[in-house]
Amino acid sequence: MTFGRENNRFIRAFFLVITLLLALSTAAGAEERLRMSTTSSTQDSGLLKVLLPPFEKKYHCKVDVIAVGTGQALKIAEQGDVDVVLAHARKLEDKFVAAGYGVNRRDVMYNDFVIIGPASDPAGISHAKTAVEALRMIARKQASFVSRGDESGTHQKEKEIWQAAGIKPAGKWYDSAGQGMGAVIIMATEKGAYTLADRGTYNAFRHGKTDLKILFQGEKGLFNPYGVIAVNPKKYPHVKYELAMKFIDYITGPEGQGIIAGYRAYGDPVFFLFKKK
Amino acid sequence: MGFLGESLAAAISLILSLDGEVFNAVATSIKVALWATLLASIAGVPAGIAIAVGTFRGRRLAIMLLNTLMALPTVVVGLIFYGILSHQGPLGRFGLLFTPTAMIIGGTVLAIPIVANYTLSAVAGADPRILTTAMTLGAGPLQGLSRLILEERFGIIAAIVAGFGRVIAEVGVAMMLGGNIQGYTRTMTTAIALETEKGEFALGLALGMILMAVALVVNLFLGILQQK
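Protein sequences, first through last, are from chains R and B. Residue numbering for the first sequence follows numbering that gives the first Met the number 0, beginning at 0 and increasing consecutively. Residue numbering for the second sequence follows numbering that gives the first Met the number 0, beginning at 0 and increasing consecutively.
Please keep in mind that the hints were generated in silico from the structure rather than gathered at the bench. Values in this document were obtained by computation on a predicted structure and should not be read as measured data.
Straight-line C-alpha distance at most 30 Å; calculated BS3-like pairs for lysine-lysine:
1. K56(R) with K30(B)
2. K233(R) with K245(R)
3. K274(R) with K128(R)
4. K30(B) with K61(R)
5. K239(R) with K30(B)
6. K274(R) with K48(R)
7. K48(R) with K30(B)
8. K234(R) with K61(R)
9. K167(R) with K128(R)
10. K212(R) with K90(R)
11. K74(R) with K158(R)
12. K48(R) with K61(R)
Make the full structure from the sequences, and use the hints.
So this is what it looks like as structure tokens:
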């Protein structure tokens, strides 16, 4: 009877799919998972790839990294969806701690922001004395500028400088991309535009991915410190506070700090350590 | 060789070297898409059949609703379930946000309208005599229905495959509910988005090629099933 045979084949196909499913879903074991939201620059620069494995090995855990802009990273932590956050926007971090969402903020490392743009430097910002002056020159020339536009730490810094310059950037020359640092550097490269970048990501892109040059750097105001904060267990009892604190101790302790100081992207150091008090 | 050609060459060498990170993303993509398709089929196929053969009030409304849900943007599903699964949300205590399970839930919701709608079209287009003939031949309603399903299996399998295609190709739900965690919730599509962001076009392209290859394999499987 054809009915039965067709039925069989249908059932066999079904079981084949089920078997495939089961074969694929072999769980990765029951090791503990620590969730960390962080800024994209720590991941894009490649640092986390060398910083995390020794910690994961030591404590038999897995660190789940959710790499987004700093604003979003803190927002995710505010909702209790991660255990620890690594960010770089001091004002927002302090607000986060003051509001009771985070505890035990500690300095981890720093690098700095640079203003990059086409080598021809149409707005002439390489002669600027300050970052504020540089952005004023770009605005006056209406030279193309790509903004992160994503509430990231870099975007916060950019807004700070515009505000200090007394300029509300808008117009055809100013593009708010709403994307990560890497995407913005590529966009600025395509358009021959200026942008504010963290040095780490720029260094990672300098070799073959962008021909933009650093046109302004070295000002104190462009200092870019990174901090690590545990999500407050009093606010969210479900967070893995103990493991989060072990992680904080690790990256601010000798082993983690040594890895950070020794990390190089294409031969250049990316992050620097705070001097010991 | 141009930019695209160079990327293509690098992509092929990456695939051949069986890069562990690439393999993980592929495995996660397939796992999530298969689970979501399975769940969506369990819900969507009966729903499609019911609407096709049923005569009930609100049937036209159900069809219209299904058609509208076909166009459901993935980021909207991502956003809604982000709110539901976040620790602040109603299902927050299960801690599902940023896990493969969250991605499967979102993918299932995305695929159900597709599976249901295509099943509906297949069954509605079937010879209406199948059901009545089977039943006059002494088959019960359940047997009549299974006869109908067997007759229209090509259409139903196509519906399921279309659902699979929707889930494996989308990036919104995977990114928002999975969080793009390396080796855990990173899929082919979120990896492509990330590698593009990092300017690693070769790796992105390699993943795109694998995605196409997976689609090809699924369709080959479908072709074998449809033969005879």
